[in-house]
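2 protein chains.
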Amino acid sequence: MKSLKVGMLGCGTVGSQIARLLVANKADLTSRAGAQIELVKVAVRDAKVKRDGVPDNLITTDANSIVNDPNIDLIIEVIGGISPAKELILTALKNGKSVVTANKALLAKDGAELYEAANKANVDLYYEAAVAGAIPILRPLRESLVGDQVIRIMGIVNGTTNYILTKMDESGTAFADALKQAQDLGFAEADPTADVEGFDAADKAAILAGLAFHSRVTDKDVYREGISKITATDVKVAKAMEMVIKLLAITELTAAGEISVRVHPALISRNHPLASVRESYNAVFVEAKSAGQMMFYGRGAGGEPTASAVLGDLVAIARHKISGGIGPKESDYASLKIAPIGQTKTKYLIRLNVADKPGVLESVAHVFAAHSVSIQTVRQTGAGDKAELIVMTHSSTESALSATVKDLSNLPAVTDVASVLRVEGAM
Amino acid sequence: MKSLKVGMLGCGTVGSQIARLLVANKADLTSRAGAQIELVKVAVRDAKVKRDGVPDNLITTDANSIVNDPNIDLIIEVIGGISPAKELILTALKNGKSVVTANKALLAKDGAELYEAANKANVDLYYEAAVAGAIPILRPLRESLVGDQVIRIMGIVNGTTNYILTKMDESGTAFADALKQAQDLGFAEADPTADVEGFDAADKAAILAGLAFHSRVTDKDVYREGISKITATDVKVAKAMEMVIKLLAITELTAAGEISVRVHPALISRNHPLASVRESYNAVFVEAKSAGQMMFYGRGAGGEPTASAVLGDLVAIARHKISGGIGPKESDYASLKIAPIGQTKTKYLIRLNVADKPGVLESVAHVFAAHSVSIQTVRQTGAGDKAELIVMTHSSTESALSATVKDLSNLPAVTDVASVLRVEGAM
Ligand SMILES: NC(=O)c1ccc[n+]([C@@H]2O[C@H](COP(=O)([O-])OP(=O)(O)OC[C@H]3O[C@@H](n4cnc5c(N)ncnc54)[C@H](OP(=O)(O)O)[C@@H]3O)[C@@H](O)[C@H]2O)c1
Ligand SMILES: NC(=O)c1ccc[n+]([C@@H]2O[C@H](COP(=O)([O-])OP(=O)(O)OC[C@H]3O[C@@H](n4cnc5c(N)ncnc54)[C@H](OP(=O)(O)O)[C@@H]3O)[C@@H](O)[C@H]2O)c1
Chain A
1 MKSLKVGMLG
11 CGTVGSQIAR
21 LLVANKADLT
31 SRAGAQIELV
41 KVAVRDAKVK
51 RDGVPDNLIT
61 TDANSIVNDP
71 NIDLIIEVIG
81 GISPAKELIL
91 TALKNGKSVV
101 TANKALLAKD
111 GAELYEAANK
121 ANVDLYYEAA
131 VAGAIPILRP
141 LRESLVGDQV
151 IRIMGIVNGT
161 TNYILTKMDE
171 SGTAFADALK
181 QAQDLGFAEA
191 DPTADVEGFD
201 AADKAAILAG
211 LAFHSRVTDK
221 DVYREGISKI
231 TATDVKVAKA
241 MEMVIKLLAI
251 TELTAAGEIS
261 VRVHPALISR
271 NHPLASVRES
281 YNAVFVEAKS
291 AGQMMFYGRG
301 AGGEPTASAV
311 LGDLVAIARH
321 KISGGIGPKE
331 SDYASLKIAP
341 IGQTKTKYLI
351 RLNVADKPGV
361 LESVAHVFAA
371 HSVSIQTVRQ
381 TGAGDKAELI
391 VMTHSSTESA
401 LSATVKDLSN
411 LPAVTDVASV
421 LRVEGAM
Chain E
1 MKSLKVGMLG
11 CGTVGSQIAR
21 LLVANKADLT
31 SRAGAQIELV
41 KVAVRDAKVK
51 RDGVPDNLIT
61 TDANSIVNDP
71 NIDLIIEVIG
81 GISPAKELIL
91 TALKNGKSVV
101 TANKALLAKD
111 GAELYEAANK
121 ANVDLYYEAA
131 VAGAIPILRP
141 LRESLVGDQV
151 IRIMGIVNGT
161 TNYILTKMDE
171 SGTAFADALK
181 QAQDLGFAEA
191 DPTADVEGFD
201 AADKAAILAG
211 LAFHSRVTDK
221 DVYREGISKI
231 TATDVKVAKA
241 MEMVIKLLAI
251 TELTAAGEIS
261 VRVHPALISR
271 NHPLASVRES
281 YNAVFVEAKS
291 AGQMMFYGRG
301 AGGEPTASAV
311 LGDLVAIARH
321 KISGGIGPKE
331 SDYASLKIAP
341 IGQTKTKYLI
351 RLNVADKPGV
361 LESVAHVFAA
371 HSVSIQTVRQ
381 TGAGDKAELI
391 VMTHSSTESA
401 LSATVKDLSN
411 LPAVTDVASV
421 LRVEGAM
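Protein sequence lines, in the order shown, are assigned to chains A and E. For the first sequence, the positions run 1 to 427 when the UniProt record's numbering is used. For the second sequence, the positions run 1 to 427 when the UniProt record's numbering is used.
Looking at chain A on its own, in the form it has when it is part of the complex:
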């Protein structure tokens, strides 16, 4: 039986689980891959740290020695970040080694360069773990739905923010308190910016958009808003309207045939399949022309679930090494343009604090009409001389809506625009 030698870059949360599972599942992996998969070298930053289950003699701090080792067939990259991960992967590919990576940040930024290097060397570059952790979503998009036309993807792809929003929804707490709780329980990092401000979700949105629409999409193409401005009142109002607020990574084909790709909080109906995705779970909702609506649900992160996805890719590559062939290459033939965010059409829910006197609704309605933003429902609540208007619009462009909001905030009768939230997923 052939033996395939694996070098791993990084041995942290994910890497340590990969190392453990390569031993624990050895017999099954061998039978399934048709080859022995052997971990022969592991690069880390600190060689003095004891690594459970990884013999000391495998450990090195010289990652370059791994990607340049002619005895190594496959590389797993689980260092994360751009540098040195990028240079290491490029060297590995150039040296004819197939690579599995979980590095969404790198793929979203410099994917094209990596795919080109893989194509040139005619080796595999797999990255199922980079989006939604253990949930098989990239392979289904790239292979199962390849005969179909994806119309839209809406994903809950960041566990930290979904955990925070679930807590806000369940207990009515403010954002800051829910964040604190998430940090105490290890669901959020000390510096939560990448998660909370949607950077992590934006990386995943870029990867999903590129695969779904056979075009090149980078993190820079993604319009991004985080959840730090969501208030307890926003959540309460959503609840009263039988909706829930989720941070969504959305990519869809516009009427003009361009790619809209964005990350922002949005209201969705409690009946929408994504609404019941709670805590740190992830889910990706896909609409395709022929297949219709689908959802893929599961664990979006964690060392062991992520390792499961990496091992799936590893076996796929091993099978190619044994029985020949190579996985599907990057597909960017469609080369669609990115739609400017201003042209994105969604419904909006706008909350306004207004003076409670006659004519206010009329003047507010006038501003909406002036920008051709059509109103679906208005609800007015109020006590004393203050009132609140909750306006739900029909589908409108972002630019028309922004102009409307600007004019509303200048209206004498409007004390302030308390919140503006998108409404997604009309079913």
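Hints are all accurate, no fakes.
Calculated cross-link-like contacts (lysine to aspartate or glutamate; reagent style DMTMM-like; alpha-carbon spacing at most 25 Å):
#	chain 1	residue 1	chain 2	residue 2
1	A	LYS347	A	ASP169
2	E	LYS26	A	ASP332
3	E	LYS289	A	GLU38
4	E	LYS321	A	GLU330
5	A	LYS321	E	GLU116
6	E	LYS236	E	ASP169
7	A	LYS26	E	GLU287
8	E	LYS26	E	ASP69
9	E	LYS347	E	GLU225
10	E	LYS239	A	GLU170
11	E	LYS120	A	ASP28
12	E	LYS2	E	GLU38
Note that these hints are calculated values from the structure, not bench results. Owing to the predicted nature of the structure, the values given are computational and were not obtained by experimental measurement.
Chain A is fixed; fit chain E with the ligands onto it per the hints.
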């Protein structure tokens, strides 16, 4: 650019959609497959029927001429049933043609013979459409989760029965009325036996079990109960307990390392992700050791969704033809045994009509204890001299439970055992 010639066997609900989409998506399919995919011959029973979008000169009633045509590279089989589908597929494989089929009945019965023929000829045999229609579930099991250990699969894999159970749950109607409604709306066939009695779901359970546990599992291995005995009262009682009744295809690894594979109605909590799968939608809930809990949701049937899955397989095979290699072969190395149904452990909900007099509960409890079936809760309701006992057991073997039920029905105080239902999916 290379051209791949496709012959299709059958042009009914699914086949006609495949033919249409091969034309409608031609440019994209070519770019994605790296080859022109050309439908060159279509076998049907009645050549005189006009087939929308299929030129008359492609049609033949001689299916054998297609599988023996040396100019044809790939075969799609969408005739259904065992014969002549089986002979045609075997001939095609023997002639070195890769095959895509949606034929769950054939795969569940004679899969092993087909896989062997495909292996021998070193060609691909793909069948994503055979289970849960458009939902990518077989490829994720076979490829994405190949580095993991599947523990359990619970699927709603039959749209007809899910539609009927949804109607019974929503409107409290009896089974017969809900079935009639489903037939009127085209969700159930005139002879609904295959769906309603669980035969269709059992075929899918066998396919899922084989893939998940790397063993050979056939339709005969599947324990099967349908939904025709589910009453409006069962549904009402479930509702009162915040549960819902679903027809589940279940396969799991037993403590003894055997495969339990079964299809039967079961109560699940309304909080379980499968509970919200309504109407004719399908979903497959998978638990794996490392990846944790996952769910795959979408359209389980229909001409166009099913065609989407077939085309995905077709492009995968086309890519192999172009860039070499072959998909993963049948994996049956584990050769696990099938666990007898008597050893299957689940919780049960049992409703008994009893005489409302002192000592009844004691005598009932005695019967459970005699068979070591431990009771979790009992609820007694009653009026006049009649009462109802609703007993929820702890996890118990099927054989102990059957013996208990038999003794209960012989108990003088028990008028009748009104219903016995399994409870699944404790989360
Ligand atoms: N954690 C998750 O749940 C999750 C989920 C999906 C995807 N991912 C992705 O998986 C990747 C790894 O994440 P992680 O959570 O495992 O990260 P981590 O716990 O921070 O581990 C990083 C590892 O890389 C090593 N390392 C850092 N710089 C290095 C260098 N220059 N040379 C050699 N080794 C170096 C570290 O060594 P020391 O141990 O010596 O510090 C550590 O072992 C990231 O791309 C991440 O986005 C993670
Ligand atoms: N329908 C679904 O939603 C669905 C979903 C998943 C999987 N599937 C599977 O897909 C397969 C096809 O289903 P379907 O609903 O499309 O069936 P269908 O509508 O009954 O079509 C069957 C086709 O096969 C042709 N045919 C029958 N016997 C033949 C023979 N001896 N030689 C040549 N052609 C013959 C028929 O010809 P005529 O047109 O001349 O009668 C017809 O075109 C089945 O295996 C089914 O289980 C179906």
